[in-house]
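Please model the complete structure; the sequences and the hints are all you need to start from.
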Amino acid sequence: MSTYVYGFAPATHPMPIDGLTGVGAERAPVRLIREDGLVAVVSDAPEGLRAKRRDLEAHERVLESLCAAGTVMPMRFGMVASDDATVQAELTSKAEKYADLLAKLNDHVELNVKGVHDEDALLGDLLQRHAELRERNDALRAVGGGDEQDRIAFGEQVSAAVEERRVQEAKRLVAQLESHATRVRLGPSVEGCFVNASFLVANSDREAFDAAVTALRDAANGYADVRVFGPLPPYSFVEVDGADEADG
Amino acid sequence: MKSMSVMTTGGSGGSAAGALYDVIELILDRGLVIDVFVRVSLVGIEVLTIDARVVVASIDTYLRFAEKCGRLDLTGGRQPMGLPDLVGAVTGGGAERQVKGALPGPREAIAETLEGLATPDKTSDR
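Top to bottom, those sequences are chains A and B.
The opening residue of the first sequence carries number 1 in our numbering; numbering runs sequentially from there.
The opening residue of the second sequence carries number 1001 in our numbering; numbering runs sequentially from there.
Bear in mind the hints are in silico, worked out from the structure with no lab data behind them.
There could be a bad hint or two in this list.
What the hints assert, rightly or not - Label-pair ranges, simulated between beta-carbon atoms:
id	chain 1	residue 1	chain 2	residue 2	range
1	A	167	B	1035	33 to 39 Å
2	A	48	B	1033	34 to 40 Å
3	B	1033	A	221	35 to 41 Å
4	B	1063	A	96	19 to 25 Å
5	B	1021	A	131	38 to 44 Å
6	B	1033	A	214	33 to 39 Å
7	A	27	B	1059	21 to 27 Å
8	B	1063	A	19	53 to 59 Å
Where a beta carbon is used, it is the ideal one built from N, C-alpha and C, also for glycine.
In structure tokens form, the structure reads like this:
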């Protein structure tokens, strides 16, 4: 029987796992493996486990409920060890590294921020600001839209302006929020979002962070929507030795 | 997790089930990876994350932008919009005043503004 691993935590974590069930159709109970001042949160992994909605939810549910009780380093979804001994060996061999990382995450949560432009508002604003785009748009209108080549060429120019705006506003948004965060990491690009960024925020800074988001949202009223998801397990802030830094 | 830290719109309630798809790219692409463990096959998972830049740069998008721009009503004299402080600062550099075809001016203004914004002291990888 292989072992599904949810995350690692310090041995001092209260670990309220009673009633928590894990991945797989059998919903195996969540259990703990203790070693070297650390504790691994695991459950038996069913044969042929595949990523299903049910399993993604189980992974997230286990981590969220334990993160609410103390610091946990979350695994990426789907990490399976061949047996408990493999998990124990991992904890032993990297005990110091994991303890350091857990100490850095102590009393912090991950907040994920996504921003979405209202496309009509964005395009309207770009036309108002860029005389060249506006004139070209007027010219195409005057001839009933122009031929396809003209429309593509104009759309490409608009697209470049949109992309430029997205990049600059993503940077602006991050700049306005990061003073309330301990760390920032950009997330993978998500369709429709001009920004997807995760912030590692100390519990003591969360009120200020929320206030900064609210101020941004109010200022962007009707033009963009800014949403915060969390508190989340600190998925974006658990890389060890700089591994995994280059992706996304 | 009892509730979203901040919510703007109704809908997802912040529970594991409700918020799952709003942060699925983090669950699938972030989190600790341990070499000696194996990873469950993600075959069958519809990966929702794609490069937004690719979406913007496509013929279909060009045509859609052109069509939308053609239909927009710009006669209302709306106030310029944008995230606070940013766009105002950039266009203050002359986007409205630019001579037709003279792109370098505003481009430089934008670059300078971005430079100031793009140097976070804290970790901001990518």
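Taking the hints in turn, this is what the structure says about them:
no. : hint                       : in the structure
1   : A:167 / B:1035: 33 to 39 Å : 34 Å, holds
2   : A:48 / B:1033: 34 to 40 Å  : 21 Å, violated
3   : B:1033 / A:221: 35 to 41 Å : 40 Å, holds
4   : B:1063 / A:96: 19 to 25 Å  : 57 Å, violated
5   : B:1021 / A:131: 38 to 44 Å : 41 Å, holds
6   : B:1033 / A:214: 33 to 39 Å : 35 Å, holds
7   : A:27 / B:1059: 21 to 27 Å  : 48 Å, violated
8   : B:1063 / A:19: 53 to 59 Å  : 54 Å, holds
Checked against the numbered hints given earlier, the structure breaks hints 2, 4 and 7 and satisfies all the rest.
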